[in-house]
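Undergrad: Here's the letter readout for the chains.
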Amino acid sequence: MPMQAADIETLIKDAFPDATVVIEDLRGDGDHYACRVVSSAFAGKSRVQQHQMVYKALGGRMGGVLHALALQTSAPPAG
Amino acid sequence: MLDDATKERIEQDIKSEDVVLYMKGTPVFPQCGFSAAVVGVLTHLNVPFRGINVLEDDSVREGIKSFSDWPTIPQLYVKGEFVGGCDIVREMYETGELTEMFQTRGIDAQPA
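So the sequences go chain by chain: A and B. Going by this note's numbering, the first residue of the first sequence is number 5, and it counts up by one from there. Going by this note's numbering, the first residue of the second sequence is number 103, and it counts up by one from there.
Hint data in this document are derived by calculation from the structure and do not stem from the laboratory. One or more hints might be untrue.
[Said to hold, decoys possible] Just some of the chain B residues that point at chain A, by a computed CB distance under 7 Å: (1) V143; (2) P173; (3) T174; (4) E183; (5) G186.
These numbers were taken from a predicted model, which means no experiment stands behind them. From the three backbone atoms N, C-alpha and C, an ideal C-beta is built for every residue, glycine too.
Build out the structure end to end from the sequences listed, making use of the hints.
TA: Structure follows, in structure tokens:
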């Protein structure tokens, strides 16, 4: 059961209201996505922690209905 | 779900070698593209590692996810510490952080 890119974006934005979210449907099949998330919530967190925060926002769908979501996270540049 | 026996086994396994990769399939025959990608990076850097095939044991397959609070496989452990999954390993490799991390932990890592 694939997931829509818009639904992924909504879940992430609900958890990180300031986030910039860019999602690419890698194969056009609604099942293999690449997602970049930039949010101040990630400042000072390790990559593992940042990804865990996004997985939590996705509410357990990662590894389940969301089979493949290549994730890249970062905090906005300081300044 | 993570029962005590599985947890104990995972704790022993992640310390059994300096570098341990929980993966689908074996290092010689990975059965998932994400696992294959991490094997490729480690092989490219000439880092010896132990692959643990989660497809051989459902309790480990599910247990490792609870253990690290990480929903997917592969999972890379270095000196008993969780480093990340495929995306993080790939990103760290591209920025050079992965090689640096191995070297600061006393593990030789360099392309042949």
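Undergrad: Indicate, hint by hint, whether the structure satisfies it.
TA: Results of checking the hints against the structure:
| no. | hint | result |
| --- | --- | --- |
| 1 | V143 | 15 Å, violated |
| 2 | P173 | 4 Å, holds |
| 3 | T174 | 5 Å, holds |
| 4 | E183 | 10 Å, violated |
| 5 | G186 | 5 Å, holds |
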